[in-house]
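Colleague: Chains as they are written, first to last, in this note's numbering: chain L, 1 to 154; chain V, 155 to 430.
Misleading hints may appear alongside valid ones.
What the hints assert, rightly or not - Derived lysine-lysine pairs resembling DSS-like cross-links, with alpha carbons at most 25 Å apart: (1) Lys295/V to Lys390/V; (2) Lys148/L to Lys405/V; (3) Lys59/L to Lys276/V; (4) Lys154/L to Lys303/V; (5) Lys148/L to Lys295/V; (6) Lys329/V to Lys299/V; (7) Lys344/V to Lys405/V; (8) Lys154/L to Lys405/V; (9) Lys27/L to Lys405/V; (10) Lys329/V to Lys303/V.
Don't read these hints as lab results, they were simulated from the structure.
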Amino acid sequence: MRFLILFLFPVLCWAEPAQLLRSTELKKEPATDAPTVTRLAENAAVDAGERRGGWVRVKAGAAEGWVRLLALRYGGTAQSGDSGAGQLFSVARTGSSGTQVTTGVRGLDEQMLANARPNPAELSKMSQFSSTAEAAAGFAVQGHLERKSVPEVK
Amino acid sequence: MRLLLAALLLVVAIPVQAQFNFNINKLIDSAKNVRGATREINEPEEIAIGNDLAARLLGAAPLAADPRLQRYVNLVGRWVAAQTSRPGLPWRFGVLEAPQLNAFAVPGGTIFVTRGLVERMKSEAELAGVLAHEIVHVQQKHHLKAIQKGAQTALAGDALAFALKDARSGEARDKLLALGTELYSRGLDKSDEFEADRLGVVLAARAGYDSYGLPAVLQTLQAMNAQDSSLALMFKTHPAPGERLGALGEKMQPTLDAYAAQPQLVERFAAEARSR
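All chains should be built: construct the whole structure from the sequences, respecting the hints.
Modeller: Have a look at this one:
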């Protein structure tokens with residue numbers, strides 16, 4: 001069974017349809033100075049695969065290579081034509097997880113916010129789960145997260 | 155003018171009076187001393203206002219009944235918050251039991267994210283990116299400033315009537331709470347949202363995460379049907395995901411590239427947030 005999953009995984013990786021937001025160079029490697037395979041047109045449909053840093057591996061027809069993550073819009077073209085009563089029952093999908101979220105009829109919408117009564121008991125409960133700075137720092141170390149000095153961009 | 159100022163300061167002072175038993179007369183006296191200048195809301199007051207607002211949000215949707223997930227989100231959030239200019243705030247984080255996709259920042263250091271949004275995330279870096287965006291709202295006091303501005307405008311119209319009312323009735327406090335709650339339905343200025351995106355990317359990178367966490371979540375939102383009602387409030391209160399991604403690409407590409415190879419922690423996220 002595990003073999004089967006391993007075998008299927010690379011196939012599933014290509015299952016995410018995407019479109020190019022702008023005309024973009026398809027690069028042989030995930031780097032700006034890598035050779036250009038071809039130039040892809042704006043709105044070209046591609047199959048998106050693995051991400052490495054700010055780059056995503058894509059297939060565009062017979063061509064294969066890497067484009068900037070921010071040049072991609074995920075999702076097929078079909079969704080834009082979706083309208084009318086069908087939307088009431090429409091579900092949104094993400095290609096990778098395949099989970100479905102039925103359109104919400106309860107929970108946190110504008111109406112609920114406007115009519116909400118304060119719930120101080122729940123607020124006290126929330127504080128029980130809070131973390132100390134020390135515990136959070138320890139958790140960061142476990143995850144090999146290293147503090148970096150990164151300048152702000154205003 | 156002096157009356158208006160006193161009225162405004164009353165509004166601001168009420169929650170503090172209720173929470174901390176400050177002497178209200180002393181506050182009014184100090185308000186009179188400030189004269190023309192608008193007084194800054196101080197940190198205990200900010201926290202008190204935040205407590206009111208957080209309790210209200212929790213009245214709309216309770217916490218998700220998943221202690222492990224709640225603790226996990228607090229560890230991630232607290233670590234990101236430690237990289238801000240306000241590390242000493244009483245930071246706390248909560249996952250709301252709601253299918254909608256959204257996140258909220260409350261003055262004083264309380265951050266909410268909905269279960270609907272967490273379910274769409276694929277890594278801890280994505281969670282950290284969303285929390286970082288909200289944490290920036292608190293660091294920059296975006297909501298607090300908007301509430302203060304709203305109080306000024308609201309009081310200008312009926313300042314006199316307001317000032318004549320018994321300040322201890324709680325009416326002023328309710329008014330402030332209503333202003334704040336309304337803000338979560340109306341949204342902040344677009345410029346505040348774009349700033350939270352930019353500084354959020356910086357914060358997540360400082361905390362050691364893959365800098366593409368927040369952009370990845372924005373791409374997930376962009377790929378969804380914009381008419382999906384689980385996105386209604388989020389889309390009403392924020393610029394479109396495509397616009398936000400464009401703005402990040404324009405200004406943040408060097409930062410995004412420099413820290414893109416930092417950990418995403420896909421497995422830890424799966425273990426902690428998907429254990430149910």
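Colleague: Taking the hints in turn, state whether each one holds.
Modeller: Hints, one by one, checked against the model:
1. Lys295/V to Lys390/V: 21 Å, holds
2. Lys148/L to Lys405/V: 20 Å, holds
3. Lys59/L to Lys276/V: The hint holds at about 22 Å.
4. Lys154/L to Lys303/V: 23 Å, holds
5. Lys148/L to Lys295/V: Roughly 24 Å separates the two Cα atoms, so the pair holds.
6. Lys329/V to Lys299/V: 16 Å, holds
7. Lys344/V to Lys405/V: Distance of about 16 Å is within 25 Å: holds.
8. Lys154/L to Lys405/V: Holds, because 9 Å separates the two Cα atoms, which is no more than 25 Å.
9. Lys27/L to Lys405/V: 22 Å, holds
10. Lys329/V to Lys303/V: 13 Å, holds
The earlier numbered hints are all upheld by this structure, with none contradicted.
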